[in-house]
Amino acid sequence: MTAYIARRFAGMVVVMLLVAMIVFVIARVIPGDPAGVMLGSAATPDDVAALRHQLGLDRSLPTQFAIYLEQIASLDLGNSIFLNRPVLQAMGERAMLTTLLTLMAVGISVGIGVPVGILSAVKRGSVVDQAATAVSMLAASLPSFWVGLTLIEYLAVHAGWFPVAGYGDPGAGLADHLRHLVLPAIALGLPNSALLIRFTRTSMLDVLHEDYIRTARAKGLGARAVVFKHAFRNAMIPVLTVIGLTIATLIGGAIVTETVFGLPGIGNLIVSAVLRRDYPVIQGALLVVSGLYVLINLSVDLLYAAVDPRIRY
Amino acid sequence: MGFVGSLSTRALPALALGTFLIVAAHEARAQAKPTAIDIATIGEPGPLDPVTVTSDLVSIITQHVFETLYTFDSQWKAQPLLAAALPEITDGGKLYTITLRQGVHFQDGGTMAAVDVAASLQRWLKASPRGKLAAPSVDQVTAKDASTIEIKLKQPLAPLLALLALNNGAAAIMPKALTETTDPLKTYVGTGPYKIVEQKPDQYLRLVRFEQYSSPPGKPDGYAGERKALIDELRFVPVPNATTRVDGMLAAQYQFADSLPAEMAPRFKNTQDAQPVVVKPFGFPLMIFNQKTGPMTNVVLRQAAQAALAPEEMLLAAFGDPAFFAVEGSIYAKGTPFYDAASVKGYNQHDAKKAAALLKQAGYKGEPIRIMTSPQYDFLYKMSLVAQQNLQEAGFTVDLQVLDWATLLQKRGDDKAWEAFFTYHTFVPEPTLITIMNPSYPGWWNTPEKQAALSEFNTETDPAKRIEGWKKLQALFDTQVPAYKVGEFYNLAAINKKLTNYTPMPWPFFWNVKLGG
Numbered sequence: 041m042t043a044y045i046a047r048r049f050a051g052m053v054v055v056m057l058l059v060a061m062i063v064f065v066i067a068r069v070i071p072g073d074p075a076g077v078m079l080g081s082a083a084t085p086d087d088v089a090a091l092r093h094q095l096g097l098d099r100s101l102p103t104q105f106a107i108y109l110e111q112i113a114s115l116d117l118g119n120s121i122f123l124n125r126p127v128l129q130a131m132g133e134r135a136m137l138t139t140l141l142t143l144m145a146v147g148i149s150v151g152i153g154v155p156v157g158i159l160s161a162v163k164r165g166s167v168v169d170q171a172a173t174a175v176s177m178l179a180a181s182l183p184s185f186w187v188g189l190t191l192i193e194y195l196a197v198h199a200g201w202f203p204v205a206g207y208g209d210p211g212a213g214l215a216d217h218l219r220h221l222v223l224p225a226i227a228l229g230l231p232n233s234a235l236l237i238r239f240t241r242t243s244m245l246d247v248l249h250e251d252y253i254r255t256a257r258a259k260g261l262g263a264r265a266v267v268f269k270h271a272f273r274n275a276m277i278p279v280l281t282v283i284g285l286t287i288a289t290l291i292g293g294a295i296v297t298e299t300v301f302g303l304p305g306i307g308n309l310i311v312s313a314v315l316r317r318d319y320p321v322i323q324g325a326l327l328v329v330s331g332l333y334v335l336i337n338l339s340v341d342l343l344y345a346a347v348d349p350r351i352r353y
Numbered sequence: 237m238g239f240v241g242s243l244s245t246r247a248l249p250a251l252a253l254g255t256f257l258i259v260a261a262h263e264a265r266a267q268a269k270p271t272a273i274d275i276a277t278i279g280e281p282g283p284l285d286p287v288t289v290t291s292d293l294v295s296i297i298t299q300h301v302f303e304t305l306y307t308f309d310s311q312w313k314a315q316p317l318l319a320a321a322l323p324e325i326t327d328g329g330k331l332y333t334i335t336l337r338q339g340v341h342f343q344d345g346g347t348m349a350a351v352d353v354a355a356s357l358q359r360w361l362k363a364s365p366r367g368k369l370a371a372p373s374v375d376q377v378t379a380k381d382a383s384t385i386e387i388k389l390k391q392p393l394a395p396l397l398a399l400l401a402l403n404n405g406a407a408a409i410m411p412k413a414l415t416e417t418t419d420p421l422k423t424y425v426g427t428g429p430y431k432i433v434e435q436k437p438d439q440y441l442r443l444v445r446f447e448q449y450s451s452p453p454g455k456p457d458g459y460a461g462e463r464k465a466l467i468d469e470l471r472f473v474p475v476p477n478a479t480t481r482v483d484g485m486l487a488a489q490y491q492f493a494d495s496l497p498a499e500m501a502p503r504f505k506n507t508q509d510a511q512p513v514v515v516k517p518f519g520f521p522l523m524i525f526n527q528k529t530g531p532m533t534n535v536v537l538r539q540a541a542q543a544a545l546a547p548e549e550m551l552l553a554a555f556g557d558p559a560f561f562a563v564e565g566s567i568y569a570k571g572t573p574f575y576d577a578a579s580v581k582g583y584n585q586h587d588a589k590k591a592a593a594l595l596k597q598a599g600y601k602g603e604p605i606r607i608m609t610s611p612q613y614d615f616l617y618k619m620s621l622v623a624q625q626n627l628q629e630a631g632f633t634v635d636l637q638v639l640d641w642a643t644l645l646q647k648r649g650d651d652k653a654w655e656a657f658f659t660y661h662t663f664v665p666e667p668t669l670i671t672i673m674n675p676s677y678p679g680w681w682n683t684p685e686k687q688a689a690l691s692e693f694n695t696e697t698d699p700a701k702r703i704e705g706w707k708k709l710q711a712l713f714d715t716q717v718p719a720y721k722v723g724e725f726y727n728l729a730a731i732n733k734k735l736t737n738y739t740p741m742p743w744p745f746f747w748n749v750k751l752g753g
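Just so you know, the sequences run in chain order A and B. Take the first sequence: its letters are residues 41 to 353, numbered as in this note's numbering. Take the second sequence: its letters are residues 237 to 753, numbered as in this note's numbering.
Rather than coming from a laboratory, the hints here were simulated on the basis of the structure. Fair warning: there could be bad hints in the mix.
Here are the simulated lysine to aspartate or glutamate pairs, EDC-like style, with alpha carbons at most 20 Å apart [to be verified]:
1. B/K734 <-> B/D698
2. B/K436 <-> A/E133
3. B/K652 <-> A/D86
4. B/K390 <-> B/D327
5. B/K505 <-> A/E193
6. B/K422 <-> A/E133
7. B/K362 <-> A/D86
8. B/K528 <-> A/E133
9. B/K362 <-> B/D419
10. B/K647 <-> A/E133
11. B/K647 <-> A/D209
12. B/K590 <-> B/E549
13. B/K708 <-> B/E696
14. B/K362 <-> B/D327
15. B/K368 <-> A/D86
16. B/K436 <-> A/D209
17. B/K388 <-> B/E685
18. B/K436 <-> A/D216
19. B/K528 <-> B/D344
20. B/K269 <-> A/D209
Just a few of them, taken from the derived set where beta-carbon distance is under 8 Å, the chain B residues facing chain A [what the hints assert, rightly or not]:
21. G405
22. A487
23. T533
Treat the numbers as computed from the prediction; the structure is a model and nothing was measured. Glycine included, every Cβ here is placed at the ideal spot set by N, Cα and C.
Excised from the complex, chain A in its bound form (with noise of 0.2 Å):
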């Protein structure tokens, strides 16, 4: 397991190179620059060349870049060129937001997707089981833009139960936090969950036409003990990958929601990095999320071995 755990580890610093090369590469091909955007509509070129020069964004690409793995090197991903401060320190603000948005996301996808999936497959097809995958299928049709915003409608402006945007007050405590992102975790999560209901319940389907669960339902085990504790368990793996991929789907998905529930958010930095081009924020957002990618699917692999006992590295 150590030797699996390390050779991942080596595998991941040569994914992140390669990442932090690939965003490089792009983040300086798309046209525009940072200096344009900060001087606003009104610079002439030689203002713009002239901050382009304050910058550092005239020297030559491969200088830029060698800087740029240098600055990697010694874990600083730069500083942002239009927020005044360290690209670490701005994604450190967020960090906290953007972690409790996909928690809560996630939970609801898994609290709505895996229960609705497992009750769909047992009573396939009852009015359950259709009104279920009717139900998931028009969710996942749901874009998160539209259910977040007809979210906001009805129960912030409307109902008055939810702030319509924003984290909060200066000085806001978690518990006001929390209430603000209810509503963005619902507009993330529900499209979400329509995915896991459609896995859950193939995957449960599936192995309930096992042998073993014939042998299981033969032996007089209770309904309840069959799914649970034979069929559950060994459905999960597929469900398992499902969850993780949807965590990284949560995280790009949350740079629409964040814009629209005008959350400071991971998301929120990166949408608006790309719009002004603010490089460094870009390229160090990018490798940290894709680190992170990495991570959870690192996760996702070691967990199978705990859930299936068969499964070794």
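For this one, chain A is given, so just place chain B on it according to the hints.
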């Protein structure tokens, strides 16, 4: 016997005293509770340097923190702000002597002196796109004594006062120590009624009342006159999604929201908390032509485009409701001193036949006309679609390039990359401040006739003669067609009904605004 009757005569005064103390304590707490408002803005402002950065959002925020020597009243006339009076202009318009107000404090505890003002103006001349317009005419800026500065010019510069008064690319006054770099500021110390205390990017920017603020005297009038910070704290909250800004106003989460789409105005009809505010004049969209490189350097081709375009259709497509725009060719709106509809004869022709004839006259052979536009400004994108249709009907081959705003800003600097682009201009009180007047602004309107007329206009100090000079410049704008002014548009904002004493202006401000009656 009733309850009161059952109390002893000694208990009654004690009860009264207790009640009084509770009420007094409650009132004291209510009074002590700081008032704060949330202002929803279009996004994160970035560096808050009012000098080097010309974005409207930065101007809106920083005008509460930094101040200029002069500012504008509601009639767009310059009035003293940090200066004690309007400047004394001598030596045939070449020497400006400016006396400063006394006892003005900086937010770092220092007191404003002439050396700070001179250093701030020198930085402005070097670092601000507006200051750079004045710089070629300025010989030197010096502190004559502790409370007087002198600006010595090489030649008269009539727009100088307006340039000093504008809060965009502003000649902001700050401590001398901050003026040593032309890079965007990282520390913000001004003399304004509010000071910055906390910036959490993409979350909020907090400004609190500056207790040592020294206000100019006089009745409030536009940006001029007395300034009182009646609300303890202003929070500028970035809310990039316009629908969310509207929803936040309807739910009373924000007390003010700026730049709302015109089509959302009906949503405020039946609401208790918020009301719409329409700001007039606000701005004008421009289709700017490349006069440096490519087919549009031919003036006849530009005149063909001018003949083909249908501004009313463009404005309708962009804003929908005529309450939010005016089909107006004069660069300055009706009611402003520089209004001049007579000089813009080429506006609103929508004549495809005439345009086709001009294309033939110009020897146009179907070269593609690359028009850059950006969906980030929805109204610009919509009007560019109509323009594309108008131009194609006349015989132009149009390549509409839909780009994000950052790309457009970069590409417009490359004269080989485009033939026209769409942008907009916020109302400015002085014609020289209109970007296309600057010959190095993309489009590069730099004909000898225009430069001569502009020079004459800039050196003329008589207001009546300046109006005539502007007419001459606008007539050249009409015949040389460096750009096409599509019309006027107004800004839709929304304000919570509890906020009173608000004055609508292009860059909204919140001094003198009260929360509650």
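Here is what the structure says about each hint:
no.	hint	result
1	B/K734 <-> B/D698	violated (45 Å)
2	B/K436 <-> A/E133	holds (8 Å)
3	B/K652 <-> A/D86	holds (16 Å)
4	B/K390 <-> B/D327	holds (11 Å)
5	B/K505 <-> A/E193	holds (16 Å)
6	B/K422 <-> A/E133	holds (19 Å)
7	B/K362 <-> A/D86	holds (12 Å)
8	B/K528 <-> A/E133	violated (47 Å)
9	B/K362 <-> B/D419	holds (10 Å)
10	B/K647 <-> A/E133	violated (34 Å)
11	B/K647 <-> A/D209	violated (40 Å)
12	B/K590 <-> B/E549	holds (18 Å)
13	B/K708 <-> B/E696	holds (13 Å)
14	B/K362 <-> B/D327	violated (25 Å)
15	B/K368 <-> A/D86	holds (11 Å)
16	B/K436 <-> A/D209	holds (11 Å)
17	B/K388 <-> B/E685	violated (28 Å)
18	B/K436 <-> A/D216	holds (17 Å)
19	B/K528 <-> B/D344	violated (47 Å)
20	B/K269 <-> A/D209	holds (15 Å)
21	G405	holds (6 Å)
22	A487	holds (5 Å)
23	T533	violated (18 Å)
Of the numbered hints stated above, those contradicted by the structure are hints 1, 8, 10, 11, 14, 17, 19, 23, listed in ascending order.
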